Amino acid sequence: MGGLLNALNSGKTSLFTNQKGIEVTGNNMANVNTPGYSRQVMQLSDVPTLEYGGLFIGTGVRVDDIVRNYDSFVQDQLVSKQASFGEMDAKSLPLTEVERIVNVTDANLSTAVDAFFDSWQELSTNPSGEVERQIVIQNGQTLAAAFNSASSQMQYAQENINTILESKVVGVNSALQEIADLNDRIAGIEATGLTANGERDRRDLLVQDVAKALGASYLEQRDGTVSLQLPGGLPLVQGREYLPLETQRVDGKIEISLKTKASDIPLGLRDVGGEIKGLLSVRDEIIPDLLADFDKLAYNLVESVNAVHQAGVDRDGNPAGLFFEAAPLPVPPATFGAGAAAVMQVSAAVVNNTGLVAAGKSGLSGDNTNALDMATLHQAPVIDGADSFNGFYSKIAGKVGITINQNNLQRDGADDALIQLQNLRDSKSGVSIEEEMLSLVKYQSGFEAAAKFLTTVDEMMDTVINLKR
Amino acid sequence: MKTTNATTYRTLLQNLTRGSTRLNDWRIKTATGKQVSRPSDDPTAIRPILNARSQISASDRYVRTMDTAQDRLDNSEAYLFNVENVLTRVKELVIQAGNATYTPEDRALLANEIALRREELLDAANAKVDGKYLFAGYADNTKPFLANPAYPGTSSAPVIYAGDSRAVTLEIGPGALVETSIPGSELFMGQEDTDGDGVAEQVGIDIFSVLARIEEGLRANDPDAVNVEIDNVEEGANQVRKLHGLLGAVGQRLDTARVHMETLNIDMEEIRSRYEDIDLVEAISNMTMEENALKAAMQVSARVSQLSILDYF
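Residue numbers (the numbering used here), protein chains in the order written: chain A, 1 to 469; chain B, 1001 to 1313.
Watch out, some of these pointers could steer you wrong.
Derived pair list, reagent style PhoX-like, types lysine-lysine, alpha-carbon separation capped at 25 Å [claimed, not checked]:
#, chain 1, residue 1, chain 2, residue 2
1, B, K1143, A, K361
2, A, K428, B, K1002
3, A, K361, B, K1128
4, B, K1132, A, K361
5, B, K1002, A, K20
6, A, K395, B, K1034
Since the hints were made in silico from the structure, they are not lab data. Since the model is a prediction, treat every value here as computed from it, not as a measurement.
Okay, chain B solo, but in the shape it has when bound (with noise of 0.2 Å):
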């Protein structure tokens, strides 16, 4: 088969087009760090890069909702124990009303306190974090306890409930809800819509009450009627306690999740990775390679052109 000039030429051309644009692949594959940036790079991997994206991006936003629950729950931790410090201080001023020396003077002085400590109950109750009512269920922007004006006329309680009784519901996976608030009607009301119908049904103590038929048993200098009250303030501090267990127990679970998505964002770095992002020593080497085989062609090239039959004659 005869060699022509034409042949020669057209074959290092094709030798120093495929070799250079082998090394540009490697040399922008090398300067991105990456073995797909277009979907032609590998089409297989585009779906585990997309997917390993996404979740990435998804589970730092659960991360991030983590932290938020985690600040509710810590905020309205600080806030039960204050209630619970109260009704413990509430039933201390129950027993020692009981004591038979106690003339009705003191039981007024016990009755003002109780009042105090109503007041801040009442506080704890309508707290607020960020602008927003702690215990106000969804409507967090009402205050959700106010003094009822009925009482103690026509209305035995003396304080009105205006939040909604539902929890705010925070994703903390995908499809993982847990609730990091308490709704202050069933904290402080001990009112829970059990049966679904959005109608709040009175399943526990109202503590509002309580503390106000004891300091006007006390007012009024009735023993009895005071003693009578001990279990509720009991009860109602146990329907405090159980919910702040509840809490805690929501806490508990934000610190495992926070692992679990804390792994999980690292599995998904590194599938990602595996399928984006180029092995640099393979990259280099590879490119190295490349160089050496074009500086080859080209010096075949150089020493072809140099070769001609005309230096002969």
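Next up, chain A with everything else stripped away, as it sits in the complex (with noise of 0.2 Å):
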């Protein structure tokens, strides 16, 4: 009877074995949607084996462990391309709209500089008239308001930027925090031997959310937690610890720091990486350095037109004043220079009286000297000797292209390597529906054979026991 018995059990783990199958590819199955899922297999081995008379046969099988199709290569280059990938991507959204302020179209800031020196071409074929003076006026006030609009649109640009960051601070706090959970729970767990797996999988695409959002990269510990690290070297997650990120707004700009018990330590471009960095560089690099080029631009147009300008007198014959000046503002620069796109406007006194506009240099009504010499600034190499105020535009725009072009390049390819770096993950980890079909077939199978099984050994045990009647 004892090898009958055995058979009967040996059947029954077979049984339970399969169902267990089962279970594990309906899971598979149901997971086949959800992000970061690693497809579970379970590890078989037979059960010790009995020695029976010399011969040994083995008793059943058991299920040793549920573990995840896994590869750590590749989770590490995911980890790393998604923080190219997030740092590319991000700027992409802050520079289309700058790329809409440096704009190329019929009416951009270079036609409005065209359109001012044409007024003082007309000016000179009519240096009394009033409707050619007022032409200039206005001709002067587009000019000033395309200067104005494009800084106030860049620093619109830098504030869209400043509440983005705001946002994903908060994103990746709550990602940390939940990271330092898991990571608690994993060790827990895999303390009394059983393997995480939902919760590594869960892990695992944290990880990959953070080092997006701020380039971090991880490292796996011994207990099973993980570490991360912002590229600077900076800990944002040690086991069961955190250090969240704050945000602060200073000089209108929020900044952000790491905070840590002791300190805040503010984090700069340095210290970060993925969308942060890139939002940072727009903010921080990008703009200023479009700013400081409008505002270099604006400041050599206004000085060389106001040079210009006070050369000449008024239709009185007196002497010129200032044709653009900086607008009245709260807390004055009142010279132009840094910012003298935001502040530039056409003096207000000449908006007045078309009369103070310098067309000539005697207050004769027929002269029109001064604003042949005006005219004259529209093709001159005003900008550091080398440049006109549109080719110095053009070079802006250019610079601008090509950095989006950059971007654009690089965003593409990372986003590529993503895919591939994704699809090759599934081909290790994925659920593939085929793949389960095959093996619920597969456990089927080997449910109704264990069946078979068992109502082969009970018939032969009724047998048995049917001896003696």
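Using the supplied hints, reconstruct the complex from the two chains, each of which is provided in its own coordinate frame.
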């Protein structure tokens, strides 16, 4: 009987194991669309053998573990690619906004420059003309408004980035906290010898998120926890502890810092990566650089136009004043220079009195000499002695175009690489319906065979019991 | 390598997204007719495009300035013809006055006509177009020629010049300046600022004085005094003709400059177009190509999603 009972037992383990296999398969199928889910497989071994009269016969099957199909190399690659993709991708939105400001359509800053000098040229054909003077003033105002709006829209783009940064930090903090919590659970579960599959999947995904947002890198410890650190080396997560990021408005800008027990460590461009680095570099490098260019253009234009204007006289023969001046500001940078584009405006006196436009140098009604001088400024290499106003503007626009082109190219490249890596990860860890369907058939037939086996053993036992009748 | 459902859909999604983005780019380019509408479309094309646009608007303006200049020249020339006719007539009268058979009454009649001609000359000299005095230099809202109240007492000049001695210049090309007016001081008074000190020197004939002296000589019945003025009348006429010729030369220069500017405009338009405008044939064929690629990608998506192992169990 011992033999038959053993067979009964081995049939039972087979039945249970195949059923377990169906459950695992079912769970894999259920998670076919779960992001970050790794396909789980049973690890089986046969139950240690017993000796029967010198022969060793196994006594069934046993489930050793349910493990993830997993490749840590691919995960490493994914994490680092997410960081570079995040950086390029986060830049592209604000850069599109910048590109809209530095546009090259029919109505842009350079056409406003053209129109302004054209109106001086027109004034030179009729220096005492009231209409021509009005047009000079109006085109001057349009030009100043074009500079003002370019400057304010750039600042608006910076403010948009501030808002995005604030919400990103909230997301990163909750991800960091969850990673620390998962570290705790995983260490706890795995200390008992089990595998925390779901928790690890979830954590892998969060690590990718944090890498995308911050460029953080990770390192798995012996106890199953991961440590995260910033590209600059500052720690983010260590075991069950994490350091949250903090945002603070300093001089109208959102500054990000790492809150440690001792103090807050301000994070600069060098300390971070990913989306936050991308956003910071647009806000703190690209836009300020462009603003400085606009200011330089505005400053040179204002200074040279004013110099020519002041060399002339107004309609009454009095020495002419400034044509452009700085707008009255609450806290006045009274002089031009930094912020010139923002504060440029046509002198209020000139706006109110067309007679103050200096068309000539003698005060005589037909004197157009100053208007002619002004018109020649249009093509003069005023900026650094090399570029005309429009030449300099095309440099700015070209620079923006190149930056955007480069970024798009890098982003598409990172995107391609990311998709390839995700496909690679899928080939190892992903759930394929076909594969699971076949597993299902496999376990089903295993289950059926086990049942058949049990029936057979049962019949055999019946036979044995009926022997005594 | 195992292909999972997620792999398939991810790849399909990428293909469809990239395909429709590319198609959309071509649609925008075809619809706007421009291959550069943003700096990133072609950063190297921006400078030539903006420069060409700037040049085009500048040359449009130069052509309009030339129109204005031509109008001024035409107006001045009409009055100069008038002035030359007056001087020719004056010369005839002076020659007539030398006739020995003429009586003092005949000469008085001639003197009356000279007086009329002088009025005519003064009217021409004070000619106004569009509310502006043609021969007043920069002072085009000041009546340039006025009867001298001190004449014939203390002053020998019957007419004084109240205008400005500079010619109005217009720019008809980059740095190309043309004089489109003749200051009345030079034309009628023979005064020119030769040394550039702002004060005009007498270098030619004061036509009004000549006419005044002829009239006085006739009224005084002094044929000899009249006779000596013949050369002056001739010289005065030359002075007018010379300046008239100068205006004519400017007119010719305008004609050549206009042709040049119009050619430049066409060249610039060509450059702008080459960098900015789209080749419609190429664009449409590219668009069709992308359309086909997208259709193929969509068809593949449809086929892939039909395929399932579940249909075989």
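For each hint, the structure was consulted:
Note on B:K1143 and A:K361: the hinted pairing holds, with a Cα-Cα distance of about 20 Å set against a maximum of 25 Å. Using a Cα cut-off of 25 Å, the hinted pair A:K428 and B:K1002 holds, with the two alpha carbons roughly 7 Å apart. With a CA separation close to 23 Å, the supplied pair A:K361 and B:K1128 stays within the 25 Å bound. Of the pairs offered as hints, the one joining B:K1132 and A:K361 holds, with about 19 Å between alpha carbons and a cut-off of 25 Å not exceeded.
At most 25 Å may separate the alpha-carbon atoms for a hinted pair to count; B:K1002 and A:K20 meet this at roughly 24 Å. The hinted pair formed by A:K395 and B:K1034 meets the criterion: a straight-line CA distance of about 20 Å does not exceed 25 Å.
In this structure, every one of the numbered hints holds.
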